[in-house]
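A.B. asks: As a plain string of letters, each chain reads:
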Amino acid sequence: MTLVSTIAHYLPALLAQAQAFQSPPLADYIRVLPELILTIFGMVIMLVDPLLDPESSHQSLGTIALVGALAALASTYWMAQYPGTAFTNMIRVEPFSVFFHVLIIAIAAVSILSSFEYLKVQRIRAGEYYGLILFGTVGMCLMSSAIELVLIFIALEISSISTYILAGFRRHNATSSESSLKYFLLGSFATAFFLYGVALIFGATGSTNLDAINQALNSGNASVPMLAYVATALMFVGLGFKVASAPFHVWTPDVYEGAPAPVVGLMSTGPKAAAFAVLLRVLFEARAPGYFWLLWVSAALSMTIGNVCALVQDNVKRLLAYSSIAHAGYLLVAFAAQPELGTSAAMFYTAAYAAMNVGAFAIVSHLAAADERYVTIEDYAGLGRKSPMLAATFTFFLMSLIGIPITGGFFAKFYVLSAALKSNLVGLSIILVLNSAVGAYYYLRIIVLMYMRDARGEVPVTRLSLTAALAISVCVVLTLFLGVVPGRVLDYAALSGAQLVRDTASPPVLEGSESMQP
Amino acid sequence: MMVPLSYYLMLSGFLFACGVIGFLIKRNIITIFMSIELMLNGVNLSFVAFAAQWHALSGQVFVFFVMVVAAAEAAVGLAIIIAVYRTRETLNVDRVNLLKL
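Note that the protein sequences, when read in sequence, are chains W and Y. The opening position of the first sequence corresponds to residue 39 in this note's numbering, with each subsequent residue numbered one higher. The opening position of the second sequence corresponds to residue 1063 in this note's numbering, with each subsequent residue numbered one higher.
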């Protein structure tokens, strides 16, 4: 009785509060629709997993994950119809975020496709694996559309924690858990730096919203506080770890060597693209001060260290890891260029790099066989005769990584170089060209081994399964598409880059920012 | 008497530096992990201090998010440490060295 009267007493007040709370409009939910779909499918996989027979669940769980990724990919079209901010200035949908959504979800879909065969061969439980890929993708997508540092931090952690676990998925294998441990320790170390940067920029400007930070820093009358410079440097350290740029690259080869090959394909492209998106937003949307020399030094170091160290590697995964460091360096050259030119070049580069690298790792994971036994360069000897199609495809991806015409890698490098030259970055351009020449050597070394050396008998080459073949062909088509008709993608990148930069040139009036400072 | 903001910032910077140094010189994985937590808590302190300075609630809310994320990270991290211990039977980073660094 007393309970009922208590409820009756408080009910009007509660109802009044509930009415005062305005639920976000439906359009807000459409602006995060891809993330919602991915989350739902991830949870469905986790729920369905215990009900299926663990021996045969690979196929069905993989199919659910793939359907989820494709549905999310389709929903980006709907999301793109609703540009604007959502959830009280937490995220913003604009061509920039749509571009990265499409890119990241496509990477996830292809990685799922190439995992079908791998999981079966390596006897890995599929439920958590696919679930984590989808959850990680949610984090990466949110990173690309978040304009609030709180949300960027949480999204970064969602994507990082998922990839820490994925890296250690062959957990009975000592190298895999070791790689997971190194990734985890160094990744959290980097996150702490990023977070300290966020704290200091909050201290310098009183806000964690990128637009509000831009307004506070660049309103013209006040000088930029010293704290903001330190904050930029710290955030750059954190994001530099995530994109594996020198001098924060030491974890990369170890982690890539130990982690499962399809996961490496994902984490060398997906979280990296997302981290580059965050870097673009922090540098050019929030206009963080004093970043030019940080980028210059980091780009030069990444290119040089990546390429020189790759020369002496004999493990293909380690070699591709150093090559990914070098490519992060090429990308940072675009960042150092003028924002209007560099942004679109950097976006195109992430897309082209994703297409070729996911494809290359799909082939590496097919050839690795059970327990990932065959991953040294010597194991690739004679592949041209044993499996001509596979060798030709791998050659194509390596050509693209070198940057030879008719591949996506050529135009990617070309646009970065032209952006750098138009911005008078002569020194950096020279370093880039010299490094590309060095880089060609170790990619060509694999090609030479594949075609001009006799096969070693004991390395088996099994038939490519349908799903892996599909994954690889998607990558080939996309790499070719970006290399032959780059116009449409480039136009879209230029449009979204221009919007990102222009928006910041005249900071918009913020509707929701009053609530930040009562 | 009000404690000035700079005192809090110095303490938070000191805690963060302790975490960084611990991360770099300690050899036990659990201790390294605790050093990372120390770094995060150093950051939390500066968030709270700045929130008080700006009279902005968002800084304090951020601290809650950091704590939640740190807890999630700890759960995953300890699981990874157990996986490593099962395969290598050691918690010394110098002996977890199958992959050359």
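Hints were generated in silico from the structure; no laboratory data involved. Given the structure is predicted, the values throughout are model-derived calculations rather than measurements. Built from N, CA and C at the ideal position, the CB exists for glycine as well. Each hint should be verified, as a subset may be incorrect.
Claimed, not checked - Only some residues are given here: those of chain Y computed to face chain W with a beta carbon under 10 Å:
id, residue
1, Val1082
2, Gly1139
3, Asn1159
4, Leu1160
A.B. asks: Hints first: check each against the structure and report whether it holds.
C.D. replies: Hints and how they fare:
{"no.": "1", "hint": "Val1082", "verdict": "holds (8 Å)"}
{"no.": "2", "hint": "Gly1139", "verdict": "holds (6 Å)"}
{"no.": "3", "hint": "Asn1159", "verdict": "holds (8 Å)"}
{"no.": "4", "hint": "Leu1160", "verdict": "holds (5 Å)"}
In summary, the structure agrees with every hint in the numbered list given earlier.
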